[in-house]
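Q: So the chains spell out like this:
There are 2 protein chains.
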Amino acid sequence: MPVTTQRSEQASPVVNCVVLRVTSGLEVLLWQRRKAPEAGAWALPGGFVDRGEPLEAAARRHLLEKVGVAGVAHLEQLNTTSNACGPGDAWLIDTLYLALVPQGSEPRLPPDTSWHPVQELPPVAFGHESAIGLAHQRLSGKLSYSNAAFALMPERFTLRELADVYAAVLGTRVAPTHLGRVLTRDGVLEATGEQRSAGRNGGRPADEYAFQHEELVISRPLAAFRTLVGPAARR
Amino acid sequence: MPVTTQRSEQASPVVNCVVLRVTSGLEVLLWQRRKAPEAGAWALPGGFVDRGEPLEAAARRHLLEKVGVAGVAHLEQLNTTSNACGPGDAWLIDTLYLALVPQGSEPRLPPDTSWHPVQELPPVAFGHESAIGLAHQRLSGKLSYSNAAFALMPERFTLRELADVYAAVLGTRVAPTHLGRVLTRDGVLEATGEQRSAGRNGGRPADEYAFQHEELVISRPLAAFRTLVGPAARR
DNA sequence: ACAAAAGTGTTGTTACTACACCCATGG
DNA sequence: CCATGGGTGTAGTAACAACACTTTTGT
Numbered sequence: 045m046p047v048t049t050q051r052s053e054q055a056s057p058v059v060n061c062v063v064l065r066v067t068s069g070l071e072v073l074l075w076q077r078r079k080a081p082e083a084g085a086w087a088l089p090g091g092f093v094d095r096g097e098p099l100e101a102a103a104r105r106h107l108l109e110k111v112g113v114a115g116v117a118h119l120e121q122l123n124t125t126s127n128a129c130g131p132g133d134a135w136l137i138d139t140l141y142l143a144l145v146p147q148g149s150e151p152r153l154p155p156d157t158s159w160h161p162v163q164e165l166p167p168v169a170f171g172h173e174s175a176i177g178l179a180h181q182r183l184s185g186k187l188s189y190s191n192a193a194f195a196l197m198p199e200r201f202t203l204r205e206l207a208d209v210y211a212a213v214l215g216t217r218v219a220p221t222h223l224g225r226v227l228t229r230d231g232v233l234e235a236t237g238e239q240r241s242a243g244r245n246g247g248r249p250a251d252e253y254a255f256q257h258e259e260l261v262i263s264r265p266l267a268a269f270r271t272l273v274g275p276a277a278r279r
Numbered sequence: 045m046p047v048t049t050q051r052s053e054q055a056s057p058v059v060n061c062v063v064l065r066v067t068s069g070l071e072v073l074l075w076q077r078r079k080a081p082e083a084g085a086w087a088l089p090g091g092f093v094d095r096g097e098p099l100e101a102a103a104r105r106h107l108l109e110k111v112g113v114a115g116v117a118h119l120e121q122l123n124t125t126s127n128a129c130g131p132g133d134a135w136l137i138d139t140l141y142l143a144l145v146p147q148g149s150e151p152r153l154p155p156d157t158s159w160h161p162v163q164e165l166p167p168v169a170f171g172h173e174s175a176i177g178l179a180h181q182r183l184s185g186k187l188s189y190s191n192a193a194f195a196l197m198p199e200r201f202t203l204r205e206l207a208d209v210y211a212a213v214l215g216t217r218v219a220p221t222h223l224g225r226v227l228t229r230d231g232v233l234e235a236t237g238e239q240r241s242a243g244r245n246g247g248r249p250a251d252e253y254a255f256q257h258e259e260l261v262i263s264r265p266l267a268a269f270r271t272l273v274g275p276a277a278r279r
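As they're listed, the protein sequences go chains A and B. Here the first sequence is numbered in my numbering, starting from 45 and rising by one per residue. Here the second sequence is numbered in my numbering, starting from 45 and rising by one per residue.
Quick caveat, the hints were computed from the structure, so don't treat them as lab data. Take every hint as true, because none was put in to throw you off.
Identical copies look the same in the list; a pair holds intra-copy or inter-copy alike.
Derived lysine to any residue pairs resembling SDA-like cross-links, with alpha carbons at most 20 Å apart:
1. Lys-79 x Ser-52
2. Lys-110 x Glu-53
3. Lys-110 x Arg-78
4. Lys-110 x Ser-52
5. Lys-110 x Ser-149
6. Lys-186 x Ser-263
7. Lys-186 x Gln-121
8. Lys-186 x Ile-262
9. Lys-186 x Pro-265
10. Lys-110 x Pro-155
With the hints as constraints, model all of the structure from the sequences given.
A: Next comes the structure, spelled out in structure tokens:
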């Protein structure tokens, strides 16, 4: 941005997306490379950025064109790396995105593309396991202080279903009752008034809930200190 | 990173740094542009990235070369943007960094460079007020769930001094006692056993504290839920 | 009637906050 | 000895977690 007249080196900007969803467990979208390098390994969807194109637009474009994913409910930038490269190699500036796809949206995937459980990844190209790990970490954090789960859930759901999604991401058992109380108190959830019909084994029908907002909202801003003004405030 | 053989557009990667410190208030390091565009306006330190150079290295290099800042105690990537550009213009990929400089480190600044209170910024070039705001926000968050303040403080300090730094960043009054209890419980602070001599008006000498770690540590990982396993865990 | 699933009420526990009180120093 | 600044102890409160109990369904 210091627009000097000085000549500078040129790089190829690329975006890569860690697309996550939860079915029975947490899954990431990968496509299998046919050509070298890393032929046969699984890679994150992504590609080159067009000249002057916003990075987020590039991410959405590649998700749509390359793997047919339209239903991205949340897209968030993670980080950017400049890869080391020799004199002949291409110099890539790689921006990583986290994309969340809700349950129920079933994108039609091309044949080389499929979902993989994050717990048992196939061989991943370019050492991008760390990217998947970073995305997973970020998502775990967001679940605890925001309404990020809206982007993983269908419009309406039961507390049980919501707790299962939390459990899949966090790797802990999560109690539906507690989760519901906390998120309702924080103004994240609201009861729709509707109910689900009971399952085949009977049981009381579950109340249906929905998220109050369908964009990311920070529900607990400063975790540690509520006011912390203390007696000093009197003076 | 999908290294196809396809030709791609070329961009110039740049880094920009929001360098923050706290003296009496929160301050950001800016330098005044002489040349157009935006001559006279104040800009973030930064510049072009060398071919194959890691972004963080580029940030440190520009801080050292351009504004003489060596004592960066914490450096963290914020986000990356691809600026829109016409056919003739340069296409820049701009990665933003947050850098923290501790009290006591007094870098020798070049004449066009100086610290400015974040609360009353001069005219800032390229609309980078939002970048400063983003950095401020991120820092505020980090203070509440990590030991990030280590990068703003000298090695040893009193609880009062620490609370003043928190207050300057968060914009609230912060009670030294409470802050000390919370951070000690979390294993962030430790008493050195030393004491400060009293000020000129007398008063009890304050205990000296130091941070347990001099790199970023997340002191309270998941804010909302402690375990949340509930009765379901029994089954 | 009984099992299964879900929601409600209540209690225990933790930990943040406030405040009253005590300690140490300089003038 | 008193003002000033700093630390300690303790009580109030909010919120999370656990668990017993009730509600509502299917078989």
